[in-house]
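Undergrad: Single-letter residue listing:
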Amino acid sequence: MSDSTQTIETFANQEYKWGFVTDIEADAIPRGLNEDVIRLISAKKNEPEWLLDWRLKAYRHWLDMEEPSWANVTYPPIDYQNIIYYAAPKTKTDAPKSLEEVDPELLKTYEKLGIPLKEQEMLAGVAVDAVFDSVSVATTFKEKLKAQGIIFCSFSEAVQEHPELVKKYLGSVVPASDNFFAALNSAVFSDGSFCYVPKGVRCPMELSTYFRINAKDTGQFERTLIVADEGAYVSYLEGCTAPMRDTNQLHAAVVELVALDHAQIKYSTVQNWYPGDKDGKGGIYNFVTKRGACRGVNSKISWTQVETGSAITWKYPSCLLIGENSVGEFYSVALTNNWQQADTGTKMIHIGKNTTSTIVSKGISAGHGQNTYRGGVKILKSATGARNYSQCDSLLLGDKCGAHTFPYLEVRNTSAQVEHEASTSKIGEDQIFYCRQRGISTEDAVSMIVHGFCKEVFRELPMEFAVEAQKLLGVSLEGSVG
Amino acid sequence: MTAVAEQNAQWLELFTQQPAAEPWIQALREEAFARFSAQGFPTTHHEEWRFTNVAPVTKVARAARPADKPAAIPEQAKPHLAKYASLDHPFVALNTAFLHDVRVITVPRGATLEAPIEITYEGPAEGTAAHPRTLILVGANAQCTIVETYKGEGTYFTNAVTEIVVADSAVVDHYKIQQESLSAYHIATLQAAIGRSAAFSSHSISLGGALTRNDVNAVLSEGSDANINGLYIVNGTQHVDNHTAIDHAKPHATSHELYKGILDGQSHAVFNGKIIVRQDAQKTDSKQTNKNLVLSDDAVIDTKPELQIWADDVRCTHGATIGQLDSEMLFYLQSRGIGRKDARNLLIYAFAQDIVDRIKVQSLRDSLERTLFEKFHEHPE
Chain B
1198 MSDSTQTIET FANQEYKWGF VTDIEADAIP RGLNEDVIRL ISAKKNEPEW
1248 LLDWRLKAYR HWLDMEEPSW ANVTYPPIDY QNIIYYAAPK TKTDAPKSLE
1298 EVDPELLKTY EKLGIPLKEQ EMLAGVAVDA VFDSVSVATT FKEKLKAQGI
1348 IFCSFSEAVQ EHPELVKKYL GSVVPASDNF FAALNSAVFS DGSFCYVPKG
1398 VRCPMELSTY FRINAKDTGQ FERTLIVADE GAYVSYLEGC TAPMRDTNQL
1448 HAAVVELVAL DHAQIKYSTV QNWYPGDKDG KGGIYNFVTK RGACRGVNSK
1498 ISWTQVETGS AITWKYPSCL LIGENSVGEF YSVALTNNWQ QADTGTKMIH
1548 IGKNTTSTIV SKGISAGHGQ NTYRGGVKIL KSATGARNYS QCDSLLLGDK
1598 CGAHTFPYLE VRNTSAQVEH EASTSKIGED QIFYCRQRGI STEDAVSMIV
1648 HGFCKEVFRE LPMEFAVEAQ KLLGVSLEGS VG
Chain U
7 MTAVAEQNAQ WLELFTQQPA AEPWIQALRE EAFARFSAQG FPTTHHEEWR
57 FTNVAPVTKV ARAARPADKP AAIPEQAKPH LAKYASLDHP FVALNTAFLH
107 DVRVITVPRG ATLEAPIEIT YEGPAEGTAA HPRTLILVGA NAQCTIVETY
157 KGEGTYFTNA VTEIVVADSA VVDHYKIQQE SLSAYHIATL QAAIGRSAAF
207 SSHSISLGGA LTRNDVNAVL SEGSDANING LYIVNGTQHV DNHTAIDHAK
257 PHATSHELYK GILDGQSHAV FNGKIIVRQD AQKTDSKQTN KNLVLSDDAV
307 IDTKPELQIW ADDVRCTHGA TIGQLDSEML FYLQSRGIGR KDARNLLIYA
357 FAQDIVDRIK VQSLRDSLER TLFEKFHEHP E
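Protein chains in written order, with my numbering: chain B, 1198 to 1679; chain U, 7 to 387.
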């Protein structure tokens, strides 16, 4: 036992590899938040009047809101006036038109992160939109996608070039006044990704965004909006990293997905923000609002997330199942090690007839980590024949961590079938013994069992991400296996 | 806000009108009333009361209870009375504030009682509130069965609190049959402190009441075992809310929980099951299940099974289901010549039987089976 505990501990104590800082000059605005700051951000982005008004409205609403305290996480109060709300890497040209124009320093950073943008131009792989601090730096494969009518660009670009689409869908799924962090994001969001897939088009490649916080004391507030028109299909990946610092940084993003008739959106996240050091110092506060609306009949939205980073995660990717026969899915692996805290889960709101949702959530707690699943399944009166299946399992590694489950099932239409199952356990000594007996070391055995535990979710990830996620899980768990 | 103040003033008036009690009881009452006034009645903004609106309940309190002289409280009850149920629950505080006639049952060490101890609470007069209080002290190695029955007629409010202290290695079976009138309000808390290696089982059967709220809380010591079962059958506009909290405070304890509900008409059922496993409660084995069978289109269900686990060497599971009668099962029975109506009743009956079978008191089981039979046999198609 002690032997295996040690192995787990060495396994879990691997260090954060993405904690470097890129020495790049940033164009940042002064700390603090007021209407002038919002006007400044809006002006810097050369935004139309309606967007500025929208931001200001959100800000005024935010002033009246209280920070939510119901989540099962604790952190010292955040001073919202001590955050830099906008930081952009200074480049020779204001907006890079192609990869050649992007600061080589920046490209090196992405290479270190394992997303060689240049290389990917050649390999038929993933189209990447990379967001560095507050602005989107480069989008690859744009031309190729354009040929099919797919719009994939940074949010600011979309505001300039496709204002009618942005105006139509912005805030239609997550209204500016939705919650405290969404309102804050709506007021100060600086960039993000925008994607529109036209009628009947199947996006030929995986689209991807990479977020990175580089500058100190900045908050990252990006906004992603994905619209899949009738019969369209898109698979979207999101990844994130940040340098190691001993102060906490705030990340409050909003993601909105809209699926029209027969459309499908698959949204995968590998979240690896800096989780803080062994003593719980530093790390990112990841307070994110993600929601998708299945507006059309037979539409489908699928969320897959692997949450290994962040000091605190507060995130509930949800689905509004409005169209008849629409499908919502949520697959999640959340890992908390050292002093990390995660309060994550999903909300499935069944509105249309014969809507189906599946929730598979796997939580792993190690060290002093606290892992909470909080999920809501709501079957409204109109959702005749709705079906939900939820399963959430927790694995405990170590005796100082915690695993908590708070599922809410609210059924207003009784033709619905709702099932929820949850279990919590640790890796059995007999399981380890069985593996050891067959010549597998404790560390390998534990990693095997953990991977087996998460397999159901990893299977849902696109290939490249599945490999990355497995590696990440190994690294995040290093030193905690026992 | 003014409505709340008005209500509190009303309760204060009732409180001050109570006949004086012994000083130590008076002290308990005053502390409890202060706690109650500070909290007020819960609203649906309270997490624990999200789906249960107690507004109609709070209005039933017009007349005070008759001021008969209470029976003396035995000396050995003093260290235990009002020491277990938390005053953070506004209705427990209210009950304690109106502490009057306490039924104390003591089972001596090592005694084995064959016959069940029956306690029956008749509902108070129309438009009034009653605060029945029960304290059950079971000595070490003793064995007993307790049956609490609540019934009545008309519109009234029963606000019951039962505290049970199960000493080491004792075995206690507790049954609560709630058959209040269909226009009555029933709010009850059962608080059990379970000793080392003791076994406690609770069966809560809710049939009556316009609005029912049951809280069953158990705190487990080392090596103890708790079986918490419940059955609720509601129709019309009945509202039933079952909250359970099983606190695994010490290692090596096991708990099993099964709550089943049958809903018809526009009834509303709420279930909230909490399992807390404390940091040193290793080797805990805990299982919780909530199953709901819905017979109508307008019934509403809110269920929230909850796990809070702070220890690692544990096995905890919970599950919840909400569904209708299985059409394939119906078909199977029909294909064997059983009429649709009978097949349906058979399946409903079987669903409830799971809980009924767990009742060890023969007479109780028989009467419950009869009630179920009558309820579902006459059920219109």
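Hints in this document: simulated from the structure, not taken from any laboratory.
As the structure is a computational prediction, the values presented were derived from the model and not from experiment.
Every residue gets a Cβ at the ideal spot worked out from N, C-alpha and C, and that includes glycine.
A few of these clues could be false.
[As the list claims (entries may be wrong)] Reference excerpt, derived from the structure (chain U facing chain B, CB under 8 Å, subset only): (1) LEU87; (2) SER302; (3) THR309; (4) ASP318; (5) THR327.
[As the list claims (entries may be wrong)] Ranges of calculated distance between the beta carbons of each label pair, as one might list FRET restraints: (6) LEU1260(B) / SER302(U): 43 to 49 Å; (7) ASP372(U) / HIS1648(B): 52 to 58 Å; (8) GLN330(U) / LYS1652(B): 55 to 61 Å; (9) GLN285(U) / TRP1267(B): 39 to 45 Å; (10) LYS1254(B) / GLN272(U): 38 to 44 Å.
Undergrad: Which earlier hints can't be squared with this structure?
TA: 1, 8, 9
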